[in-house]
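These protein sequence lines are chains A and B, in that order.
Heads up, the first sequence is in the UniProt record's numbering, so the first residue is 1 and it goes up one at a time.
Heads up, the second sequence is in the UniProt record's numbering, so the first residue is 1 and it goes up one at a time.
Because the hints were derived from the structure by calculation, they are not lab data.
Glycine residues also receive a C-beta, built at the ideal position from the N, C-alpha and C atoms.
Some hints here could point you the wrong way.
Heads up, simulated SDA-like pairs for lysine to any residue below, C-alpha to C-alpha not over 20 Å straight-line [what the hints assert, rightly or not]:
#1 A:Lys160 to B:Glu66
#2 A:Lys160 to B:Arg74
#3 A:Lys314 to B:Arg74
#4 A:Lys160 to B:Asn59
#5 A:Lys160 to B:Gly33
Computed footprint of chain A on chain B, listed as stretches where at least three residues anywhere in the stretch have a Cβ under 8 Å from a Cβ of chain A [said to hold, decoys possible]:
#6 23–35
#7 49–60
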Amino acid sequence: MTATLSDEQLQQHFDATIERDQRIEPRDWMPEGYRKTLVRQIAQHAHSEIIGMQPEGNWLTRAPSLRRKAILLAKVQDEAGHGLYLYSATETLGADRDDLTGKLVGGRQKYSSIFNYPTLNFADIGVIGWLVDGAAIVNQVPLCRCSYGPYARAMIRICKEESFHQRQGYELLMTMMRGTDEQREMVQDATDRWWWPSLMMFGPPDGDSPNTQQSMAWGIKRHTNDELRQKFVDMTVPQAEALGVSLPDSGLVWNPERGHYDFSEPDWSEFKQVIGGNGPCNAQRLERRRAAHEDGQWVRDAAAAHAAKENARKEGAAA
Amino acid sequence: MSQDRPTTGTGDAPPGSETPRSSWPLYEVFVRGKRGLNHVHVGSLHAADEEMALHNARNLYTRRNEGVSIWVVRAEHITASSPDEKDSFFAPSADKVYRHPTFYSIPDDVPHM
Numbered sequence: 001m002t003a004t005l006s007d008e009q010l011q012q013h014f015d016a017t018i019e020r021d022q023r024i025e026p027r028d029w030m031p032e033g034y035r036k037t038l039v040r041q042i043a044q045h046a047h048s049e050i051i052g053m054q055p056e057g058n059w060l061t062r063a064p065s066l067r068r069k070a071i072l073l074a075k076v077q078d079e080a081g082h083g084l085y086l087y088s089a090t091e092t093l094g095a096d097r098d099d100l101t102g103k104l105v106g107g108r109q110k111y112s113s114i115f116n117y118p119t120l121n122f123a124d125i126g127v128i129g130w131l132v133d134g135a136a137i138v139n140q141v142p143l144c145r146c147s148y149g150p151y152a153r154a155m156i157r158i159c160k161e162e163s164f165h166q167r168q169g170y171e172l173l174m175t176m177m178r179g180t181d182e183q184r185e186m187v188q189d190a191t192d193r194w195w196w197p198s199l200m201m202f203g204p205p206d207g208d209s210p211n212t213q214q215s216m217a218w219g220i221k222r223h224t225n226d227e228l229r230q231k232f233v234d235m236t237v238p239q240a241e242a243l244g245v246s247l248p249d250s251g252l253v254w255n256p257e258r259g260h261y262d263f264s265e266p267d268w269s270e271f272k273q274v275i276g277g278n279g280p281c282n283a284q285r286l287e288r289r290r291a292a293h294e295d296g297q298w299v300r301d302a303a304a305a306h307a308a309k310e311n312a313r314k315e316g317a318a319a
Numbered sequence: 001m002s003q004d005r006p007t008t009g010t011g012d013a014p015p016g017s018e019t020p021r022s023s024w025p026l027y028e029v030f031v032r033g034k035r036g037l038n039h040v041h042v043g044s045l046h047a048a049d050e051e052m053a054l055h056n057a058r059n060l061y062t063r064r065n066e067g068v069s070i071w072v073v074r075a076e077h078i079t080a081s082s083p084d085e086k087d088s089f090f091a092p093s094a095d096k097v098y099r100h101p102t103f104y105s106i107p108d109d110v111p112h113m
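Take these sequences, add in the hints, and give me the full structure.
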């Protein structure tokens, strides 16, 4: 009925699909490098969402009001959901969820460096929503047009929810800024600590990002790290002004010729240290995730045993 | 790589991954956004059984009024057509232009056509 297509024809078909800006779907032929890059990127993204529950979860029991606690619970639940959408997308590429969890807790796959910083006061919760989720939105909006269908669809879902995350954070900070001097100092302190790590969320500078070009050719990535970082800075400066906080960079000035803000280089040696496992909370985050996974084993086993028993009972009744 | 017969497993599972290796099976989730609309595939999840799959689907895919009805189905129970480049499964629909209303020319002054 059909002739077997040669690898070359399959590659041409794939290239043509990308060229027309159409989506690649799970059962389509795809180059092995494309599949591997996606699994790595989506898994890393999923791990970030899951580990990202920890810095904020840290303040759940100490939220200053029931309103803030309910909001924070909803947000942390969303992060879990985002992780699950993304793991679901990796499975369409043949990845196995247990295997990915094993790689995360075994330190063999990475997650975003930002979550290795501690949340020291409640203003951190607001600043994470404002800056960290703000940076995530800038990173993620172009991924809604990623060439891989399931990843793009997961990102659309996620982006809709991120808007709540950013706004609740900014509102929290506005409330604190209307409070006491001490509260305003807390907001400024949190801003100072999270600004540079937020800029690092976009990854190394373009000259130091060897995979960017291939990812852009494949339609996985739509903008370079530096383009996205610039976009984030341009967006954030007026938000900081409206809030009444300063951003900790003396090199941050409007450049009328470029039509953008100039800003200083983040400390890339710190970035490499944190990525390499030596950030302030790396060990704690992984250990917490590993413990949660192991502590949950009996629940997973019990549910599987219950399901097997129910099935056997049903089959017995039918026989 | 070539196969011209339908394969079991979800339309979203790549060949060779029909049997989930995870301890809990994979379920595909379909959500009816509101009354009057079809159920639409939204993603997948793992659960120990159908009932847990439904509860997990509610918690995962309908946290903000995204649905009024959910279907879950074991991924391995879905039969899917082969990927587009592998056979001519959909070719018959391309060569029958007379199935489309635009195939027929009708004078402009004939009303309501």
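- Hey, Lys160 (chain A) versus Arg74 (chain B), does the alpha-carbon distance stay inside 20 Å? violated, 28 Å
- Message: Checking one constraint from the list: CA of Lys160 (chain A) to CA of Gly33 (chain B), max 20 Å. Satisfied?
- Response: holds, 16 Å
- Message: Next pair to validate is Lys160 (chain A) with Glu66 (chain B); report whether the Cα-Cα distance is within 20 Å.
- Response: holds, 12 Å
- Message: Lys160 (chain A) and Asn59 (chain B) were given as a pair; does the straight-line alpha-carbon distance stay at or below 20 Å?
- Response: holds, 16 Å
- Are Lys314 (chain A) and Arg74 (chain B) close enough, with their CA atoms no more than 20 Å apart? holds, 17 Å
- Task: Apply the coverage criterion to the segment 49–60 of chain B and chain A: a residue qualifies when its Cβ sits closer than 8 Å to a Cβ of the chain, and three qualifying residues are needed.
- Result: Three-residue rule met by the segment 49–60 of chain B, so holds; n is 4.
- Query: Are there three or more residues in the segment 23–35 of chain B whose C-beta lies closer than 8 Å to some C-beta of chain A?
  - Reply: n = 3 at 8 Å, threshold three: holds.
Violation of the numbered hints given earlier is confined to hint 2; every other hint is satisfied by the structure.
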